[in-house]
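Line by line, the protein sequences are chains Z and V.
Residue 153 in our numbering is what sits at position 153 of the first sequence, and the numbering runs on without skipping anything.
Residue 105 in our numbering is what sits at position 105 of the second sequence, and the numbering runs on without skipping anything.
None of these hints come from the bench; they were simulated from the model.
Bear in mind the structure is a predicted one, so any value in this text is a computation, not a measurement.
Glycine included, every Cβ here is placed at the ideal spot set by N, Cα and C.
Take the hints with a grain of salt, since some may be wrong.
Said to hold, decoys possible - Listed below are several chain V residues computed to face chain Z (Cβ distance under 10 angstroms; list not exhaustive):
hint, residue
1, 32
2, 34
3, 41
4, 44
5, 48
6, 49
7, 50
8, 53
9, 54
10, 56
11, 58
12, 97
13, 98
14, 110
15, 112
Protein chains: 2
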Amino acid sequence: MTAIPTDESLQAIARTIGERLLARGQWFGTAESCTGGLIAKLCTDIAGSSAWFERGLVTYSNAAKRELLGVSADTLQRAGAVSAETVQEMVQGLLRVAPVQWAVAVSGIAGPGGGSADKPVGTVWIGWGGGEVAVSASRFLFEGDRDAVRRRSAEAALLGLEALLQATR
Amino acid sequence: MTAIPTDESLQAIARTIGERLLARGQWFGTAESCTGGLIAKLCTDIAGSSAWFERGLVTYSNAAKRELLGVSADTLQRAGAVSAETVQEMVQGLLRVAPVQWAVAVSGIAGPGGGSADKPVGTVWIGWGGGEVAVSASRFLFEGDRDAVRRRSAEAALLGLEALLQATR
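Just chain Z, same shape as in the assembly (with noise of 0.2 angstroms):
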């Protein structure tokens, strides 16, 4: 088991991204729903983050997710708040409604109740969207509390964007 994020390391995965979106003129947003606004916290620890990055919502309930996002009621009921056609349709969402090229999404069972046979606490749904790339989804299943659950969440949110970010620059 890797050791658990420090706000350090995250905080470096953070200014990294926006000195990437930053030389390319670019936008960012987050759509949040277990990581509650954690991700979007990273963001805005960074001095100067008001210039790449422009929203962070905290969708927790699944009223938010629909009424903001746009993720359709027939995909809460059938799928889940916490599968890849939830997190995929919160990151279109945001890309639909946010003047942001670049869009996270985060769902999943940070614990310590919630869990289920099916979904155990730890698993989580990370979307990534934006530039000329196809949105994407990968499910996690982290190991710890609550708190070790939501950083590891948000480190690989981050290390997404960055690779991305990397990929096409």
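Dock chain V against the given chain Z, drawing on the hints supplied.
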């Protein structure tokens, strides 16, 4: 100068707020600019927060403040994003669009850049509203670096909400 609030001390306030809201069956939402998701993150640090934290809007850009919360372009131009009028409109907007009974809004200058003679770094407006209580706003001037200003802003926002909940119990 008081000590910079720790994660633990901020989470303790969020936990108390959650207990009060849960006991009343009420919901809470946040509209954050300079704190950038920190308050939403602190609320969702608490296990079971999905039973009282409904959504958080990190309206970092002025476009986000207008589009998501209905803050008027006139207010943003005349009074500025860091003003009583803006945080009051942010609170009113969130109470209008979200199924929440309580809302807080924060807009300020966390620094290190962005300060002026009129509104130096550390100037933060916080607004509160909900229940039967009229929307209110207070201006703060917090000391310290970006992280300290953001933590002190989150603390003041949460303590103000806790006080409102206690006063209306």
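Hints, verified against the model:
1. 32: Given a least distance of 8 angstroms, the restraint on residue 32 of chain V holds.
2. 34: holds (8 angstroms)
3. 41: holds (4 angstroms)
4. 44: holds (3 angstroms)
5. 48: holds (7 angstroms)
6. 49: Check passed: Cβ of residue 49 of chain V comes within 7 angstroms of chain Z, closer than 10 angstroms.
7. 50: Holds, about 6 angstroms.
8. 53: With Cβ-Cβ at 5 angstroms, under 10 angstroms, it holds.
9. 54: OK, holds: residue 54 of chain V within 10 angstroms of chain Z, min 5 angstroms.
10. 56: holds (3 angstroms)
11. 58: Since chain Z brings a Cβ to about 3 angstroms from residue 58 of chain V, closer than 10 angstroms, the hint holds.
12. 97: holds (8 angstroms)
13. 98: Holds. Min distance 7 angstroms.
14. 110: holds (8 angstroms)
15. 112: holds (6 angstroms)
No hint from the list above goes unmet by this structure.
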